[in-house]
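Chemist: Given next are the chains, with one letter for each unit.
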Amino acid sequence: MAVDERDQDRMWEAFAAVERVGDEPALVVDVDGFEGPLDLLLALARTQKVDLARISILALAEQYLAYIERIRGLRLELAADYLVMAAWLAYLKSRLLLPEAADDSEPSGEELAAALAFRLRRLEAMREAAARLANRNRLGRDVFARGWPEPVEVTRVSRYTATLYDLLSAYAARRQERAIAVIHVRPRAVWSLQDAHRALARVIGRIAEWTPLATLLAAYLTPPEMQRSVTASTFGASLELAREGLIELSQSAPFTPLYVRDRQPVARRAPEAGNG
Amino acid sequence: MANANAAIAIAVDNDAVAGDRSMEDRRQSRRMVEALLFASAAPLAADEIAARLPPGTDIAGLLRELQGLYADRGVNLVQVAGKWSFRTAGDLSFLLAREAVEQRRLSRPALETLAIIAYHQPVTRAEIEEIRGVTTSRGTLDVLLEAGWIRMRGRRRVPGRPVTYGTTEAFLSHFGLDSVSDLPGVDELKAAGLLDSRVPADFAIPEPGGGDQLAPDEDPLDGDDGSQTTEDR
Amino acid sequence: MANANAAIAIAVDNDAVAGDRSMEDRRQSRRMVEALLFASAAPLAADEIAARLPPGTDIAGLLRELQGLYADRGVNLVQVAGKWSFRTAGDLSFLLAREAVEQRRLSRPALETLAIIAYHQPVTRAEIEEIRGVTTSRGTLDVLLEAGWIRMRGRRRVPGRPVTYGTTEAFLSHFGLDSVSDLPGVDELKAAGLLDSRVPADFAIPEPGGGDQLAPDEDPLDGDDGSQTTEDR
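Protein chains in written order, with our numbering: chain A, 6 to 281; chain B, 93 to 325; chain C, 93 to 325.
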């Protein structure tokens, strides 16, 4: 019966709230503490102090209408759904009091009353269920899981996959790309006339005796593919330096080695150097 | 004759050894189940446990054995949401109050809505409102979705295709229930016809479908429902 | 006489009741210690436990009792740095480790490197780079070694004695080859459309010699090479 008392308290509070506003102009009141007309009906039903299954719906309707009247008498405006319920209950009351019409297309007053009683019982059942649920031993409030769990450590192992096709196409593509690239990109090694001129100029003054031109250039002749380029450029450069009067050249016969030495003072010109 | 006796003796010995070994195997398997459940903060399904033990292990039997072993201890083995978990005994909650994590108190409307969803699932918002006799404020369902206790299950196959709500595994785990058929008083309520969403009550009551299967009049959520942040949290 | 007997009987009963109650108290205290240790997020010192139990409780005794109870179970009560906690039994730690196998595709550089090793073996890293025209990253050979598809065969008998690589049995079985000599030649690659018919006339691919015998210019690995997977990288 504690529940009933609590509900009555709420009703009293509702009235108190209403009365506090006194003679103020009408204002909308969501009947304090009640969650809609069904909740209010349920609270009123509990004041009958009988099992909800045996409640008098007629008496309940009258209680509700009287309650609403009292609030309206205080010149307060009620939320619309309370008024809708009041209108419906007034209709229900009339259906219950008047003899049943022969017309059975509409539900009888008894059926309407039963439907309302069912809704009240169902709401009450859900309220009780909610309370039982809330009072269960709840995880993290009443019962506890392991406070210091030991997690499963997952080690990731990579398993690589590839198909033979992947392998072969990767190989073929790379080899092919390289094969073609080598043909087009490889630069030709060239030793220019300027390179040769600069190289020879550096040794002038240090070749007093006849020296084969080829040995002077040994340092530059190492890459075999550059031999022809170096020989040609050096020959050209030596002719130029001879013309400039810096060196002397000597060759005993065509295709024999070419000798080179620093330009000698006129007196010391060697008689054997025939082809100057 | 002496030979025959010796043969029998050997046979008996072998049996004894085999028996010892299988006893020892069982004890070892039970230790493994115990260790797995103890180590995990979350409930484990029997098949999750089975996957970590030698094939053919009698998991169900070992779980029952452990449950018995821990029945009057400070820690119990309980079945929640169809899974198994060690939890402190309910009667010791007074002792562990300090351990409790601050939980947001559910408002009365939220708790009532949760109960209606639990007992009536799958249920639409309109049906919840019909039962409570008031409109449900947007926040009420949000709070429950956010807590991870309810989820959108599907859509009712009626005009407007309203979303249906149901409870989650986290709900069962939090309230220590093995399944929705273990909700307190659910059988009595069902028998009294109070779990029927329609008035009046005197016709066959559909089985409250707490499972993941959709009800006959329920459609799966559309693809784009899945991206809604409020879904299934 | 009858009275005296009755008095004695009563005295005995009182003792028995007291004994039962203290037994029951002790069992209850043990349950409390058990639950506290289970729910705690960190190991607990004996005095932390004592602070939560009725004054005068024999914490040390209860801890020893619990330790004995759990001694040959899947979970043990252990004392670390003076504090107590439940931990998985050491011999069951394997239960808490799991291998997750990830299937991964080989990267393009790894595929190229593997193919070059297959065709050109025994081949050094410098030679692989020469053929690919790019430097080979440290990870590429690692991945292939880890996959078990290549191995270090020996050392080339040239200055610097670089390590030579070759393929393994696992390579053959993964790619469904009987031997590396089954790898297709130029004509077959052309027929399969993998090689362009415009490749220069002198384009050749080696006939792989994958035997386990060392090549004439190859030395065996030194004793300590085998363990050094990072060799030559």
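Because the hints were derived from the structure by calculation, they are not lab data. As the structure is a prediction and not an experimental result, all values here were calculated from the model. There's no promise every hint is true.
What the hints assert, rightly or not - Below, a sample of chain C positions facing chain B; criterion: calculated Cβ distance under 7 angstroms:
(1) MET124
(2) GLU126
(3) PHE130
(4) ALA131
(5) VAL170
(6) GLN171
(7) LEU184
(8) LEU188
(9) ALA192
(10) ARG197
(11) ARG200
(12) PRO201
(13) LEU237
Idealized CB from N, CA, C, for every residue including glycine.
Chemist: Kindly indicate which numbered hints from before are broken by the structure, ordering the numbers from low to high.
Modeler: Result: hints 5, 6, 9, 10, 11, 12, 13 break, sorted rising.
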